[in-house]
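Q: These protein sequence lines are chains U and X, in that order. Under this note's numbering, the letters of the first sequence match residues 1 to 129, in that order. Under this note's numbering, the letters of the second sequence match residues 1001 to 1251, in that order.
By construction, these hints were calculated from the structure, which means they are not laboratory data. Careful: at least some of the hints might be erroneous.
Computed footprint of chain X on chain U; a stretch qualifies when at least three of its residues, placed anywhere within it, have a C-beta under 8 angstroms from a C-beta of chain X [what the hints assert, rightly or not]:
1. 29–41
2. 65–72
3. 83–96
4. 115–127
Here the structure is a predicted model, which is why all the values come from computation and not from measurement. Glycine included, C-beta positions come from ideal geometry on N, C-alpha and C.
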Amino acid sequence: MSISRLALFAVIPLCASCAMFKPGPGKTVKEFVSAVEGGRVQEAVLLISTDTRTRVGDAKLRSGLAKTSREVQAITDKGEIEITDEQVHGDLADVAYTEKFADGRVAKADTMHLVKENGDWKIVATGGK
Amino acid sequence: MGGFLRGRQRTVKQPFSTERVSLYAVVPCKWGLTLALCAAVIVNAYTNSAVVGSLLESAPRPPVRLDYDEAVLRTGDLMFRRGRSLTSQAVLAADRRSSFSHVGIVLRERGVITVVHAAPREGEGRGGVVREPLRTFLATENASEAAAYRLRAASTADGRRVASRAAEAALTYALRHVEFDDDFDLGSDSTVYCTELVWRVYRSVGVDLASRHRDSLALGRFARTLLLPSTLQRSPALMPVPFLLPQHPHS
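Extracted from the complex, chain U is given alone in its bound form (with noise of 0.2 angstroms):
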């Protein structure tokens, strides 16, 4: 075996726990909107910014999106989530998805937007109007 395999095997761990590795934005919508499909609401109320979580309030945010699980679940020609665009600008992300029915029609067409915190991609899901 070569030193640089070697080499290699000694850089593998130092590789696997820095930030390289960590998801994108469009990787984080993709996992909230499959927690929520999926009904593992407090692993999507992870994925939410900081902010909202305390502008809201967890137990708000895992009752509402409890029931949106429910929803979601009842619907049988459930697709897939396809990320259309992702654009980064610095810590900020703006990434648009379309959920798709099983038979390839749209479901839903939407762009969400995230915060970087601590190195992790969140969405951040409050405004005014």
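Using the hints provided, position chain X relative to the given structure of chain U.
A: What follows is chain X alone, placed relative to chain U:
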């Protein structure tokens, strides 16, 4: 050699336990295998200690009991709180004292202070509109921050009557066991959420604490127009009531 190593062991100061591994690195090795493996172990030890360090930094701080002077509270006051689950993260928020996630309305009867509020059903909790003692509402496990607000007009006898009628209206929701509104729908009072309850009961006595302001919550399929506690808190019709005392670490 052994004396040299012992001397090195005494002088080397490492923030993590890589000392023994580092010593192997000074021993001549033929194939580079030992050096490579040692490098990997050192890197692991370093990164693991960094991970542990960051976890320790973000670990929840010891709960702080909220000490307050309940003598200053009156019927109709609004009691805001922030839950315990975000204690560690919330210190990062720039506007931490103005970010409350829950609100109820104070009832003072024969010196006993209770809070009427609408809460989601969680675990053993009943949920819906409930009336509970102030000390429960602000218990360490429920509240990491709190603030009390009062109708500005309550400095007059008429204003105090308005605040009392609002509180009595809130009590009727509790007596009817109105359920929590998972839809966050402001259009119906058959179910209510915390901010909606306070807004409705005050609106029923002629005070609109939100005017036309509405907040939006957009989480994919879970998208709602609602009122957040911070919107009520900013109402020009309200003023803060200093009721919190200096905090002490919970024993």
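Q: A separate judgement is required for each hint: does it hold in the structure or not?
A: Hints and how they fare:
Taking a C-beta to C-beta cut-off of 8 angstroms, the stretch 29–41 of chain U contributes 3 residues in contact with chain X, enough for the three needed, and the coverage statement holds. Coverage of a stretch by a chain is defined here by at least three residues with a beta carbon nearer than 8 angstroms to that chain's beta carbons; for the stretch 65–72 of chain U and chain X the count is 6, and the condition holds. For the stretch 83–96 of chain U, the proposed coverage by chain X is not satisfied: 0 residues have a C-beta within less than 8 angstroms of a C-beta in that chain, short of the threshold of three. Counting residues of the stretch 115–127 of chain U whose beta carbon lies closer than 8 angstroms to any beta carbon of chain X gives 6, which reaches the threshold of three, so the coverage claim holds.
Hint check: a violation occurs at hint 3 only; the rest are consistent with the structure.
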